[in-house]
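Please build the complex by placing chain B on the supplied structure of chain A, with the hints as guidance.
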Amino acid sequence: MDTETKKQIDELSGTATTGHDWDGIRELDTPMPRWWLWTFYLCIIWAVGYWVLYPAWPLPGGPTPGILGFSSRANVAVELASLHDQREAMAAGLATTSLQGIRDNPDMFRFAIARGRAAFGDNCAGCHGLGGGGAKGGYPNLNDDDWIWGGSLDAIHTTLLNGIRWTANNDTRIAQMPAFGGKDGVLKPAEINAVANYVRSLSGLPTEPDAKLALGKELFVTNCAACHGEAGKGNQELGSPNLTDAIWLYGSDLKSITETITYSRAGVMPAWKDRLDPVTIKALTIYVHSLGGGQ
Amino acid sequence: MSTPEVQAEIPFFAPSPKVYPQQVSGRFRRIKWVILFVTLGIYYFLPFVRWDRGPNLPDQAVLVDFERRRFYFFFIEIWPQEVYYFTGLLIMAAVTLFLLNAVAGRLWCGYTCPQTVWSDLFLQVERLVEGDRRDRIKRDEGPWDTNVWRLKITKHFLWLMIAWWTGGAWVLYFSDAPTLVYQLATGTAPFAAYLWIAILTFTTYVFAGHLREQVCLYMCPWPRIQAALTDEHALNVSYRFDRGEPRMSLKEARKHEAIDEKAGDCIDCHQCVAVCPTGVDIREGSQLGCIQCGLCIDACDSVMAKVDRPAGLIGYDTDDNIKARALGQPTHYRIVRPRTIVYALLLFVVGGAMIFQLATRATASISVLHERNPMFVVLSDGSIRNAYTVRIANKRPESRPFALSVEGPVGTQIEAVGVAPTSDWRPVVEVGPDQTREVRVLVTMPRGIISEKSTLISIKAADLFAGENVAAKENFFAP
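So the protein sequences, as listed, match chains A and B.
So that you can map any letter, position 90 of the first sequence is 90 in our numbering, and since no number is skipped, the others follow by simple counting.
So that you can map any letter, position 388 of the second sequence is 388 in our numbering, and since no number is skipped, the others follow by simple counting.
These are computed hints drawn from the structure, not numbers from a lab.
One should not assume that every hint holds.
What the hints assert, rightly or not - No more than 30 Å apart at the CA atoms, straight line, and that leaves these computed lysine-lysine pairs for DSBU-like: (1) B/K251 - B/K138; (2) B/K323 - B/K306; (3) A/K255 - B/K453; (4) A/K136 - B/K453; (5) A/K233 - A/K212; (6) A/K188 - A/K212.
Unchecked claim - Label pairs and their calculated CB-CB ranges: (7) A/L80 - B/L90: 34 to 44 Å; (8) A/R275 - B/T186: 44 to 54 Å; (9) B/S380 - A/S256: 11 to 21 Å; (10) A/L42 - B/F191: 21 to 31 Å; (11) B/L229 - A/R34: 23 to 33 Å; (12) A/L37 - B/A359: 52 to 62 Å.
As the list claims (entries may be wrong) - For the chain B half of the interface with chain A, some residues (derived, Cβ under 8 Å), not all of them: (13) A14; (14) V378; (15) L379; (16) A387.
We put the CB at the ideal spot given by N, CA and C, even for glycine.
Just chain A, with the same shape it has in the complex:
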């Protein structure tokens, strides 16, 4: 139907209608104010100005750059550089301050924690977990109060710098437990079972009903006490774990302990001084120490 023929004058307002009819509802055909048109033209001019001044048209070789040379990527780079400078200024303070000094200065402590947490996430979380909770298979929990090589600021710092069993570093921490049942063949399986039961008894864990604890103790004194001590309390100087506490790096069940005695264990951590700068290692030391187990 030809809509033109339906154009009518609305009686109430005296204005013409557009001729569109929706179930008896008609639309008034009121002209737009002229300034409305001008704002439209202004928007077009604004858009053209924008093309000239700012990056606009996507072309195969990249967008048109615009004569102002604006680039959000470059702005981010500038901001990052400025942030980097601010951080380095604070990091310079860490470099010249002792670990205890950093720990005692609230501002430095806060900065070291922040930097340490970031570095921990990048470098350490792979084995120790994001919060330092450790993982099964010999990755220690850094939140607890049990330390194989010591939990003081200096001890943690040394461990971080030189690593554990990291043979490329001459100063690395090394403790080598013999494989009593495996390649070293010192003990027979029955003897190992006796030692394993005895070790469990040291921390109050239940033993097998027919366990030969007396034999286990005798074998422990002969073979293990040199490093772990006669009472089994371990020695952080030698890196020998305390066997009397509630924390077991490789598991406390009889099977795990038997496996440890038979084949030995030898977890490895890299020497971070070859990979990270001294300030970051200091920050990591402060962070790990603050997780809850620091001594």
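For chain B alone, kept in the frame of chain A given last:
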């Protein structure tokens, strides 16, 4: 309803007719002047009002401090997480608008809307420079000689000055006003200040100087909403057609009276149209373009006085009463009716809740977040420890020491990393004035005192001096 077909083509765009409102004096004009001076006075000078909050906080009475994320209003200080106060204010503003509308129509539009107030000010400047309605119309129709140029340039210069002052006052709410004024005077203010002054100078100049009633007609949503919310008992600026019609000149009226025919009181002098800031004819009834400023009432009353007829041909009245008058029935006003009661009640409830909340709010808060990696730690002696990130907020303008304690099974202990404990082993966290501080908190339970995988504990921070206590509940996890 529809009648003859349209012959002529209707253009897509048409220039809006220019409105030349005439000077008027009277009751409503005086009310409008008072409101204009009070509201603009508050706007322009409030940033300079001082309010002492002690040495650690700004002393500006009203300040939106984006940098430190605080809002100050005299004795009230709002933190970002308390943004619900603004939600409450906005709800109250909307309900107030509804209530005013139910009582007396577009009071907001006619008297207090910034668009109305600034347009009114700009119009007065225009009148002072270019003369009243008749002079302005004549000048705009005539040729542009040097005198016209001089007047126009003077007018636009004054407009721009007011607009610039408006933008200048705006930025003072976001920074220490005297300092910023000094910086602006010496050209050392931050770029954002200049940018915002420029933006607000532009919008004030364009909106109050050039667009005026076009804003009400084409941009503002309130006239549409208002039309949907009004009813027959709301007071509106109305023409009493029962008294005014049939309108005719004084001469005609005398002729009609001589032959005993009815002559309306309206002498069709068009004064009501001449003074209207939006250029509408109130005699056509309530309409979108009418902002109900009451100026036509003043104009009509003064004309009625001259022709010795009773005032009030145009006045605040309800649709219901106008109908009643036409039928010769008595008039009645129903200000108290369900909708005004509901609006007032809503206003009271929301306002009351906000005042109560504001009066009883704590000046400290604590939030506790459980460390999830690891969930718990077993220590050498078999005790179990959980780590929490605790953030304490001190909303007072002085530094305060908070002693941390834990409520849980007997034997539960608390320590905070990097915070020395007091003699009773409670770690004391010093939180700076109007600041928050985050500490890592370790909670330890000895071996064997809990068997559940999860136990509810409560971490409490107590102000050592003021005695204010805040606490938060969290879970303690065990193997």
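Which hint numbers does the structure go against, in order from smallest to largest?
none
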